[in-house]
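Enquirer: Chains as they are written, first to last, in the numbering used here: chain H, -17 to 204; chain L, 6 to 72; chain W, 39 to 319; chain U, 65 to 263.
Calculated directly from the structure, the hints in this document are not laboratory data.
There could be a bad hint or two in this list.
Said to hold, decoys possible - Derived, one-sided and incomplete: chain W residues facing chain L with beta-carbon distance under 10 angstroms: (1) Met39; (2) Leu77; (3) His78; (4) Thr87; (5) Pro90; (6) Lys91; (7) Leu103; (8) Val104; (9) Ile106; (10) Ser110; (11) Ala111; (12) Gly236; (13) Val237; (14) Leu279; (15) Phe283; (16) Ile284.
Just so you know, even glycine gets a beta-carbon here, dropped at the ideal spot from N, CA and C.
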Amino acid sequence: MFELPVTTIEGPEIFVIEFGDIVNYFTVYTAALFTFALLFTILVIISRPERQVDIAFGGDAFYTKDVTPAQMKFQRFMALACGLATLGAMMSGDVFNFTLFTSMVGITNIGIVAAYKYKHVLNAAFQYGIVAMIATVPLFGSAAIILATTGTLSMWELFGSTIAVPLIAKIFLVLGVMGEGMAPFYVAKAEITRAPGAPYVLMIHVSSLLLFLRVVEIVISM
Amino acid sequence: MKRENAFLIMIVAGAVCLAAGADWRTGFFAPWLAEILLIAAFPVFVLFLGLWWNASEGEEDIPFLGY
Amino acid sequence: MIDYLIFGTIIGLLFHGIHRKVIARIQGRPGPPIWQEILHTLKFSFKQTWIPKTASQTLFVWVVLVAIGIWSAALIVLVTEGSILLLFGIYMLHKIVEHGMGLSSGSPYGKFGAIRSVMSAASELPLFATVGAIYLFTGSLLLTDILAWQSAHGPLLIFAFPAAVALYVVILSKMHYSPFAIIESKEIVSGNMTEHFGVWRAGLEVAFALKTYVLLFAFVLLFLGPLPLWLVLAVMLLLLLSLSFICAFCPMLSPYDTVTMQSLTMGIVAVYIVIVGVILA
Amino acid sequence: MEEIYILGLLAVFLSIVIGFWALVKEEDDLHRILLTDLAEILALALIALVATDLAEALILPGLVVGISELMAISEVFLVREGLTRQPERMLHIEVMDSAPAILALALIGYGVLLSGFSGGAVAGIGVIFYFICKGHDERFAIFEVLSGYAWVMWIVAFFIFVLVPQYWFFGVLIAGAAILLKVAGKMSLVGTMRGGANV
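One chain only, chain H, in its complex shape (with noise of 0.2 angstroms):
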């Protein structure tokens, strides 16, 4: 019943998944990535967190910092919140539903990291969390835009050949997704790099490179 309109980007279709009007897909390139950030998400659960070595520079002198995984808890579940919303965001077949994952991915970001009580972390996720607000801008005001010129938001039509969705909209899906946590601002992420619990940090990155990895095949698809 549902046939998509280009095969020749992202490999032939696998399986769709009907919600009434809202129709999921899995073509082998989002199969791969919803493959991909399943098993991440699945070592999030299944691991425990590292612990920490820092050494004094100038010196011998190294200590480590002691994890529990009853102290990540809460970063353990934002990790697992953000595996569901990278989940989401690969198999959505509608441009608002994969902004509101993009969206929800960001938030679950600043969780993952906002637990910690070191300074530096801290700023970070500050400076993260301002950064991933202000690209909920672009976001949405893409996903409105090319509701307003086109008529839907289902990929499904706007894959098509028929609809020619704005530039300015396709570009500011970019940014806005880039914002929730991609290139140009990853300094801010470098820091947060810092934070112990390497599963939990890992999944920030899992889900930002995936959700652009979408929202290329997105972009060059309508």
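Given chain H, work out where chains L, W and U should sit, using these hints.
Expert: Chains L, W and U alone, transformed into the frame defined by chain H:
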């Protein structure tokens, strides 16, 4: 990890790899199944091959660690 | 299929050995024999190994499996002539492996490597410029269609030269000893690979060999079109030699210079795409 | 129609430029949070420009996401600045001793009468008013239970719509009551979670 266990897993993963490779050539099952099996089994095969090689047999000297 | 993987691993390791040899010769050292990296991998897999007590154990091991898995998948995409978007998606996922490797060990050196890996996220961006440029010309991202287009029109190297340069920079930034290889530079021991030794390092060597093979192979397929296998291998070797020359002559850049260089490449290709796709179209 | 939309779009773009420029210029972090909230409103304006019923449906999730992000970074800001002390009671007037129960009851009653989202908001204000006047001991377990039930009702209503559409009116009533509980519960949490003992 016990030497026998590592060996067993390595053999199983290797067999899956070979079967997937053969399947992909002959087209007996769907090619995507062969591809997925291969992607899943090949890393396991590589790691457990090494683990089997270096697993202790219980008779070595204890290596000198640190100062 | 498994034969492709084993072939790719061995050729990739051999390429790494040649890479080291060429660099050594340019720098006036005798250098190791070219099969050194194969021996290296075998040596690592024979050595005793364990997981550091400070590490996040599951992640520490899984990251190695994931590394081999994604590059096997990339090779399969190339062999079955699938979508290059998927191929480059896998390249991006390699970033996660880099982070995971560094972060999972708890070692400060690994952590520094991982942080540098986050900072050099700009190295992935030229890749999408490449994908965009190829799409502008061929109207498809399936390797089958791209190869067919090149058989009909001639190699993309001529039509989309800046895109080829961008991909070249991308490959360069992932080579060992490259000026962009800040994540494993020696002032932080081995960067994010520091704590992965023994079997884990052997697994990573296999993954990196596949990575080198896949990236060079992809460059040949994307920009020169369908060639017989021996010619493909010869061109890959030539490409590798040119990369080795650059690696031998250039010092390691500082992290910020690396990001600047890669962003500049991205910018140039973006301007090129705008000219070709918007103004000329 | 088309021209009006373009005109509106231009106005919003201009505001976005001004807003972002202000954000770049601003040094004080607290002011930056406020400016961020202002910028967020521009996203809502962009959605509102669509000017159909669908826009209304899209604004709500956008608003929720914006508010939750705002609350998240405000919390980060508070922790970073070390502002975790309980605020002392600022306002104390006579009506706050005598009236809270009756006023809260009236508001909640009116909220129930309205039902749905706006009803939830009114009832939530009633609960907040009660908490402001009488103090609170973070009895959040009750609210969690309440929201859990509301969620279950919501799902039940959803199934009624999907499986037995002829009973849609029943479904609407359940969903309306559920969202009333949910919004009232959430609203009453505003400004009360300050990390005190959870009883």
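Enquirer: Hints first: check each against the structure and report whether it holds.
Expert: Evaluation of the provided hints:
Interface restraint check: Met39/W against chain L, minimum CB-CB distance 4 angstroms, threshold 10 angstroms, status holds. Because the beta carbon of Leu77/W sits about 14 angstroms from the nearest beta carbon in chain L, more than 10 angstroms, this interface hint is broken. Evaluation of the His78/W hint against chain L yields a violated restraint, the C-beta minimum of about 13 angstroms exceeding 10 angstroms. For Thr87/W, the suggested interface contact is upheld, since its CB lies about 6 angstroms from the closest CB of chain L, less than 10 angstroms.
Interface hint at Pro90/W: violated, since its Cβ lies 13 angstroms from the closest Cβ of chain L, which is beyond the 10 angstroms cut-off. At a threshold of 10 angstroms, the smallest CB-CB gap from Lys91/W to chain L is about 12 angstroms, leaving the interface hint violated. Contact between Leu103/W and chain L, as hinted, is supported at the beta carbon level, the nearest pair being about 4 angstroms apart and thus within 10 angstroms. A hinted interface residue such as Val104/W counts as satisfied when its beta carbon comes closer than 10 angstroms to some beta carbon of chain L; here the least separation is about 8 angstroms, so the hint holds.
Satisfaction of the interface hint for Ile106/W is found here, the shortest Cβ-Cβ separation to chain L being roughly 4 angstroms, below the 10 angstroms cut-off. With a cut of 10 angstroms, the hint placing Ser110/W at the interface with chain L holds, because the nearest CB-to-CB distance is about 5 angstroms. Below 10 angstroms, beta-carbon pairs count as interface contacts, and Ala111/W has one with chain L at about 5 angstroms; its hint therefore holds. For Gly236/W, the interface hint holds, the least distance from its beta-carbon to any beta-carbon of chain L being 7 angstroms, beneath 10 angstroms.
Using the Cβ-Cβ criterion of 10 angstroms, the hint placing Val237/W at the interface with chain L is satisfied: the shortest such distance is roughly 4 angstroms. Here the hint on Leu279/W is broken, as its CB sits about 28 angstroms from the closest CB of chain L, past 10 angstroms. The interface hint given for Phe283/W is violated, since its Cβ lies 31 angstroms from the closest Cβ of chain L, which is over the 10 angstroms cut-off. Look at Ile284/W: its Cβ only gets to about 30 angstroms from chain L, farther than 10 angstroms, so that hint breaks.
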